[in-house]
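Novice: Under numbering that gives the first Met the number 0, the first residue of the sequence shown carries the number 0, and numbering increases by one thereafter.
These aren't lab readings, by the way, just hints derived from the structure by calculation. Remember, predicted model here, so these are calculated numbers, not experimental data. Beta carbons are placed, not taken as given, at the ideal position from N, Cα and C, and that holds for glycine. Possibly wrong hints are sitting among the right ones.
Calculated lysine-lysine pairs in the DSBU-like style (CA-CA distance at most 35 Å, straight line) [as the list claims (entries may be wrong)]:
#: 1; residue 1: K80; residue 2: K430
#: 2; residue 1: K238; residue 2: K329
#: 3; residue 1: K80; residue 2: K90
#: 4; residue 1: K315; residue 2: K362
#: 5; residue 1: K255; residue 2: K362
#: 6; residue 1: K315; residue 2: K213
#: 7; residue 1: K238; residue 2: K361
#: 8; residue 1: K53; residue 2: K78
#: 9; residue 1: K80; residue 2: K213
#: 10; residue 1: K321; residue 2: K429
#: 11; residue 1: K53; residue 2: K116
#: 12; residue 1: K315; residue 2: K78
#: 13; residue 1: K112; residue 2: K53
#: 14; residue 1: K116; residue 2: K430
#: 15; residue 1: K116; residue 2: K78
#: 16; residue 1: K112; residue 2: K430
#: 17; residue 1: K315; residue 2: K361
#: 18; residue 1: K213; residue 2: K329
#: 19; residue 1: K315; residue 2: K238
#: 20; residue 1: K329; residue 2: K255
#: 21; residue 1: K362; residue 2: K116
#: 22; residue 1: K78; residue 2: K430
#: 23; residue 1: K430; residue 2: K329
#: 24; residue 1: K429; residue 2: K361
#: 25; residue 1: K362; residue 2: K213
#: 26; residue 1: K238; residue 2: K90
Each pair of labels, with its calculated beta carbon distance range [unchecked claim]:
#: 27; residue 1: L364; residue 2: R114; range: 37 to 43 Å
#: 28; residue 1: Q73; residue 2: W304; range: 19 to 25 Å
#: 29; residue 1: L301; residue 2: L369; range: 38 to 44 Å
#: 30; residue 1: I152; residue 2: G342; range: 26 to 32 Å
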Amino acid sequence: MNKNYVPLIFGWVGMLISTIVFAQDSNDFFSDFLQEDTYFFNSSGGVALSGFYKQEIAYSYNSSDSNFNFVRQQPEISKIKSILDITLDAKILNQIKLKLNGRFFYDSYYLLKGREKFSSQLLEAHEREIDVGESFIEASITDYMWLKSGRQIIAWGESDIYQNTNVINPQDNRELGQEDITDRYIPALATKLTYLANTGEINLAVIHEVRANKYGASGSDYDPYIRLRSEEDIIIREKLPPSTLDNTQWGFRLRKALHSGDVSLIYADVFDKNPYLYFDDENVTLNLNRIQVYGIAGNYVLGQWLYKFDIARKIKSILMHKDMTEFSHKNIIQGMIGIDFTGITDLRLTLEINHTLIEAYKKNLQDDELSREWLITATYNMFNNCLHHNLFWTHLSNNNGDIFELETVYAYSDDIQISIGTIFYMASDKKGFIYPYRNNNRIFAGVKYSF
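Work the whole structure out from these sequences, hints included.
Specialist: Written as structure tokens, this is what we have:
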């Protein structure tokens with residue numbers, strides 16, 4: 000039997016078992032449960048056009064570390080980005096939903112600075128981009144079954160940022176910690192089947208497109224390989240697997256609603272979204288490795304507290320050796336526990352603690368056997384939700400550094416938002432991941448017009 004069919008068979012068997020089990024529960028669950036996904040078929044048809052235009056500007060107020068090959072060396076305005084996002088929504092006969100989204104950005108900083116000073120790789124990643132966002136067609140097959148096909152975000156985990164069980168969609172990390180959590184995930188071309196049975200939900204996803212996490216390009220302020228480029232005169236090229244039938248990926252989720260929360264069992268056979276380095280003579284390429292993921296995620300509400308967890312075992316992950324020229328396949332376990340608190344009016348606090356354990360650990364690996372990261376976010380709303388103060392603080396384990404961001408957003412009107420904030424990077428250990436970026440702090444501002 001072709002091994003590519005195993006997840007598909009696993010999904011249909013799980014669907015059959017859950018139908019028998021969940022059918023025993025006769026409670027009316029759908030009135031609350033359907034609100035959590037895009038189940039839209041009870042509303043009338045129509046067409047709607049919406050979107051926004053946003054102008055962003057950033058000022059880097061420190062000189063970058065001259066020991067690393069950053070293109071920007073002096074304090075200066077480092078971003079003048081214009082973003083246009085347009086979405087078309089259509090509903091047909093209450094049975095079909097069509098969504099088309101496109102996003103364009105252009106950063107005029109590179110033109111004003113002089114495009115000839117930047118590599119083609121950097122300009123391609125940071126100067127401009129035209130991309131198809133969430134664009135799909137969704138249709139009801141029966142009253143309890145939906146099919147959704149197109150570019151979409153499939154978020155099955157509980158963590159805001161950690162990719163434990165959220166392994167289907169890549170993330171945009173080109174501006175290290177500055178991406179909005181809600182916009183961090185990048186849509187991927189997929190077909191998802193959803194089946195509901197009283198207090199349960201089953202999802203089977205087939206992912207047709209191979210996409211990787213996006214990181215800062217060579218010489219940019221947040222180039223993740225800046226240490227390697229500074230030590231040797233090398234060119235790192237991206238060589239990702241093609242989006243062919245042989246590289247089709249799979250995902251399956253069985254979700255059960257509880258009295259005050261829910262729990263999910265997750266399986267995925269996908270490409271790891273974090274590229275690894277492959278050295279071949281003088282060539283260095285970025286590649287993706289295929290892994291299998293077995294996970295469990297859930298949450299529980301108790302008064303003003305939301306407790307959540309997200310645990311996964313990833314089979315045959317690739318980990319680099321300390322010399323950065325070789326790698327090993329290892330199984331890893333990643334687990335997140337978190338708390339959301341909303342007990343104070345207009346304030347929301349979130350804490351996530353994430354652990355990673357490498358099985359059959361060897362001392363020649365670059366990563367530690369056990370590592371821990373934590374994330375704290377806080378949002379405080381004022382003046383009838385017209386003024387929002389946001390805090391984002393993430394700590395990397397083993398003295399690898401901290402990222403601290405503060406932002407204030409003012410809703411001038413229903414259509415116009417004005418934002419201002421700062422982000423800075425803290426690191427004392429010269430071997431820490433954040434250390435090269437400790438001088439690449441920014442003050443940023445933006446104006447957003449929604450239509």
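Novice: I'd like to know which numbered hints this structure contradicts. Please list them from smallest to largest.
Specialist: 5, 12, 21, 26, 28 and 29
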